[in-house]
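Trainee: One-letter residues, chain by chain:
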Amino acid sequence: MESTATTLRTYTCRELCQPEIFEDLYGTYSRKLYRYAYYHLNSKEDAEDVLATTFVRLWEYVTANQKATVRSITALLYRIMHNLIVDQYRARKPASSVEEMLEVGIEIKDIKALDASKKAEFSLVLEGIEKLEEADRNLLLLRFIEDLPVTDIADMHGITENNASVRIHRALNKLKNIVNAQYAK
Amino acid sequence: MRNMLNEHDIEGILKKMRNMEPPQNSLLRAKNRVMAFVREGDTHRQPMLERSSIFHLLIPKLRFKYMIVALILALVLGGGGTVAAAQNDLPGDALYGVKLASERVAERLVRSEETKVALDAKFADRRADEIVALEVKADAAVKSGALQDAEKFEKHMDRTAEQLKARITHSQERLAALKAKDTESSLKASAKLESRIDLWESKLAAVESATSREELKAKLAEVRGKVKELRAAFEKVQDEAADENGAKGRDEQSATGRVGAAENKLAALTDRRARILVEVNASGDAEAKAKFDESDKLYQEAVTLVAQAKAALEAKDWKLAWDKANSAFKAMVQFHGPMLRARVNAEVKEETREKREEIKEEVKERLESVIPEIRVRAREDLKARLDEQKETE
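Going line by line, the protein sequences match chains A and B.
For the first sequence, position 110 (counting from the first letter as 1) is numbered 110 according to full-length UniProt numbering, and the numbering increases by one without interruption.
For the second sequence, position 200 (counting from the first letter as 1) is numbered 200 according to full-length UniProt numbering, and the numbering increases by one without interruption.
Treat the hints with caution; some may be incorrect.
[To be verified] Taking lysine to any residue and the SDA-like style, the derived pairs with C-alpha atoms no more than 20 Å apart in a straight line are:
#1 A:K131 - B:E7
#2 A:K32 - B:R33
#3 B:K228 - B:R273
#4 B:K289 - A:H157
#5 A:K112 - B:M20
#6 B:K15 - A:E99
#7 B:K15 - A:I111
#8 B:K16 - A:E127
Hints are computed from structural coordinates only; laboratory data are not their basis.
Chain B on its own, in the form it takes in the complex (with noise of 0.2 Å):
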C-alpha cells in the first residue's frame, strides 16, 4: 500500500506548481489588451486644460495643413499642450494629424543621423502600438455590430501597417548611409534599433494572429519581412564593424570593448533565447524543438567563447580576448536566424492547435444537440417494436 501523505509532502507539492510557466502568447495577448485601453484611456486623463483647449476645440474642423498652423500657434502660445494632448490619439481621432506633424517637426529639428535613426526607432514603436490598439477598437466593434466602425478602424490599420513599413525601410537606409561615413556611429545606431525590434516583431505577431481580414495579414506579414531585413542590415553593420576593428589592432581598450559588448549581447540573447524556449516547449511541436536544439549548438558555443574571452582578458592577452569575443559574436548573429525559425513554427503549430479545439468544441456542441433527438427516436423506436411483439403474442 502506498504511504499517505502528511502536510510536509502537501506543502512541497504545492511549492512545485510555483514553477509553472504561463503561455507566452496569453500574457502577451492580455497585455496588448491591458496596454491598448492604458493608452485610450490615457488620452481622456489628459488635464481639462489641455482637454478643452481652443485647439482641441477647433481642429476637428479644420484641414490639414491649417492642423500645422495650429501646431505651431499650440507651440508658441500653449507651451505644447495641445501637442502633448495629440500623443495619445489613434489614426482617425480629431488630434492625430497633429501627432504625425510634431514627429515630422522633431526629425526636422534633429541634425546627428544617430539621433534621426533612434527617432525612427521611437515612432516605429508608437505606429506598432496604434496597430495593436486598432485591432482591439476593430475587434470591439464587430462584437458589438458596429460593423461601419470596424470597417473605418481596419482601414486606418492599413494605413498604419504602410506608415510601419515606410519607418522600417527609412531605418534601413539611413544605417546603410550612417555607416558608409562613420562606423561607431553606425554601431550605436543598431543597437538602438535593436532594443526595439523584438517588440515590433512580437506585437505584428499578435495582430497577425487575432486578425481574421487576410488582406491585413498579407500586410502585416509583409511588415515583419522589412523588420527581418532591417534586422539582417544591422546585424551585417555589427560584423563588419567587428572585422574593421580587429584589423585595426588589438590593444587594451578595444579587448575590453568588444568582450563587454559580446557579454551585453549574450546577456539579451539568454533572455530571448529562455522566452523563446518556453514558446517552443509549450507549443509541443516536436520539429521546431528539433530545430531550436540545433540552433542552440551555436549558442552554447557562444557562451564558452564569452568565458574564454573573459578569461583571456583577466589574463591580459588583448589579442586573444579580442578574437574569441569577435568569434563569439559570429556564433550569435547565426544562433538568432534558426532561432527565430523555430518560433515561427511553434507559433503556426499553436494556431493549428487552437483551431482543432475550436472544431472539436463545434463538434461537441453539434453532438450534444443531436443527441436528445437520438434518445427520443430510439425510445419511440423501441415502443413501436414493443408494440409490435405484444400484438404478436
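Bound conformation, chain A alone (with noise of 0.2 Å):
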C-alpha cells in the first residue's frame, strides 16, 4: 500500500506537522535524497548529515508556516538540500571510484556484475560530474539519477521547460567532452 505521505497531493501544516506522517515522509524521499547528496558531495557523513539537516528545515519551515500549502514537497525538499549544499558544504571531496564507493558501504546494485572496462566508464562519468560546474551537475543529477520530470526541474529553477531541457542537453554534452577527453588519455 502506498504510504500515507505519498497519497496527499498538496499538504499543509494540517498534515505535516503531524510526527507520523513527517516519519513516513522522511521513509519516502531519505533514500533519494542520500543519493542526491552523496553524488553532490562524494562523502558518506556530510551526506547523512544534510539529509538530517534537510528534514529538519523543512519541519521548521512547514510548522512556521502553519497557512502555506506545498505544492511539491519533491521540489522543495531538493531546493531545501541544493541550498545547502551550495551554502554549507562548498568544499567537495574527490569524486570515489567505484570500488572506493564499495569500500565505504556505498552499494550499487548490478555494479559488481560488470566488466572492468565497463566500470572504469562508471568511474570516469562519476569523475567527469565533478568538474562540471555546480548548475549543470545539479541538472544532471536531478534530470537522470533523480529521474525528476523536466516541468518540476524548470519550477525548481524558475525558467521554461523548454530551457530547462536546452540547459540540460548542454550540461550532457559537456559532460561527454569532458569524459571523452579523459578516455582519450
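Hints given; two lone chains; assemble the complex.
Mentor: Structure below.
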C-alpha cells in the first residue's frame, strides 16, 4: 500500500506537522535525497548530515508557515537540500571510484557484475560529474539520477520547460566531452 | 583504441547510478536526529491555550501526587489539553509525570488483556523514542560543554531504559497469561507486538552504537536481550497455535486463514530480509554474508512452501494447503534467528571499520603536523653537510 505521505497531493501544516506523517515522508524521500547529496558531495558523512538538516529545515518551514500550502514536496525538498549543499558544503571531496564507493559501504546494484572496462567508464563519468559546473551537475543529477520530470526541474529553477530541456542537453554534452577527453588519455 | 562514449552511453551510466543503495545505518542515524528534533519541536508547537494553561504553569512546582489531582482536574475541566501537551514531554520535563500517569490511567481503564498488550507496545514505543531523543540531547550538551546537563540526560536515559525493560517483561508475562486462556487473542496480541519489535531493536541498536558510556551500552544490550526473549515468546505462541489448529481439522476456512497468515508473514520477512541483506553487503563482512546465505536457504524453502500452499488452496486440497503453510511458518521462524545474528555481525564489523577509519585519520593528521618539521630538519641537515663539504674543499 502506498504510504500516507505519498498519497497526499498538496500539503499544509495540518498534514505535515504530524510527526507520524513526517516520519512517513522521511521514509519516502530519504533514499533519493541521500543519493542526490552523496553524488554532490562524495562523502558518506556529509550526505548523512545534509539529509538530516534538510528534513529539519522542512519541519521548521512548515511549522513556521502553518497556513502555507506546499504544491510540490519533491521540488521543495530538493531545493532545500541544494541550497544547503551550495551554502554549507562548498568544498567537495574528490570523486570516488566504484571500488572506493564499495569500500565505504555505498552499494550500487548490479555494478559488481560489470566488466572492468564498464567499471572504468562508470568511474570516468563520476569524475566527469565532479568537473562540471555546479549548475550543470545539478541539472544532470536531477534529471537522470533522480529521474525528476523536466516540469519539476523547470519549476525548481524558475525557468520554462523548454529552457530546462535545452540546459540539460547542453550539460550532458559537456559531460560527454569531459569524459571523452579523459578517455583519450 | 577504445570507442568514445556518446550521449546515449553517458545517459545510460547516469541512470545506472540510480541503483545506489545508501547505507542503512546512515539513513537510520539521520532519521533519529530528525525525529528527535520533530518530537522536541512538537511540544513547542502546541496551541497557545494548552501551553499556557494554568496547569502547565503550576505543575513544575507541584509534587508528583498532586500531579495526579491536576491530571484528573485537567481531564474534567480542561478537556484533556494538559494531558495532550504532556504527551511529547521527555523525562525531566515539567509534564513528564503527567504523561506517565496518563499511561497508568489508560491501562486501568482497559479491560481486555489483548488491548493491554497493545498498550504495552505503544508505551514501549514511547520509551524507545525518549531514549533516542535523550541521546541526541546528551550529545548536544556534551558538544556545547554543558556537562551537568549531559549527566542529567544520561541519568534519565538509564531510568527510561529500565522502564522500557519493565514494559517488555510485562508484555511477555501478559502474553503468557493470555496464551493460557485464549489462543486466538494471544495470536492477535503477538501480531501487535511483532509489528513494533523491529523498531525497538533498531532504535536501541542505534543509541547503543552512538553512546560512548559503557554502563549505558550494557543496559541497552540487556534491554535488547529482553526484546529477543519477547520475540521468541510470541513466535512460540504462533507456532503452538499453528499446531493446535492443525490438530483441530483442516477445513476450507482454517486452510485459507493459515495460508493468508503465512503469506503476510512472508511479505514482512521479505522486506526485513532485503534490509538486512543491504546492511550485510554494506559491511563487506564475509562471515556475516556466509551466515546470511546459510540461513537464506530456509527463507527460499519458505517461499517455495507458500507457493505450494497457495497452489493446494486453488486445487481445494485443504489439508495439503494447511500443512504446507504450517511448514512455511516453521521455516520462517527458524530463519529469523540466524538472519539477525548475521546482521549483528555486520554491525560489529561496521563499527570496527569506523574505528579503523578514525585511527587512520588521526595518524594522517599527526603525520601532516610532523612532516613540515622533518622537512625543516632535513633542509638544515643538508645545509650543514654542504657547509662542511665546502670547508673541507
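Trainee: Keeping to a limit of 20 Å between CA atoms, is the pair of K112 (chain A) and M20 (chain B) held or broken?
Mentor: holds, 12 Å
Trainee: Measure nothing beyond the straight line between the CA atoms of K289 (chain B) and H157 (chain A); if it is 20 Å or shorter, mark the hint as holding.
Mentor: violated, 44 Å
Trainee: Does K228 (chain B) pair with R273 (chain B) here, judged by a C-alpha cut-off of 20 Å?
Mentor: Cα-Cα ~17 Å, so holds.
Trainee: Does K15 (chain B) pair with E99 (chain A) here, judged by a C-alpha cut-off of 20 Å?
Mentor: With Cα atoms ~18 Å apart, K15 (chain B) and E99 (chain A) stay inside 20 Å; holds.
Trainee: Going straight from one Cα to the other, do K15 (chain B) and I111 (chain A) come out at no more than 20 Å?
Mentor: Status holds; Cα separation ~12 Å.
Trainee: Run the distance test for K16 (chain B) versus E127 (chain A): straight-line Cα separation, threshold 20 Å.
Mentor: holds, 15 Å
Trainee: Holds or violated: K131 (chain A) and E7 (chain B), Cα atoms, limit 20 Å.
Mentor: Given pair K131 (chain A), E7 (chain B) holds - Cα atoms ~17 Å apart, limit 20 Å.
Trainee: Just to be careful, I want the Cα atoms of K32 (chain A) and R33 (chain B) compared with a cutoff of 20 Å; is the pair within it?
Mentor: Given that 20 Å is the threshold and the Cα spacing comes to 18 Å, the pair holds.
Checked against the numbered hints above, the structure breaks only hint 4 and satisfies the rest.
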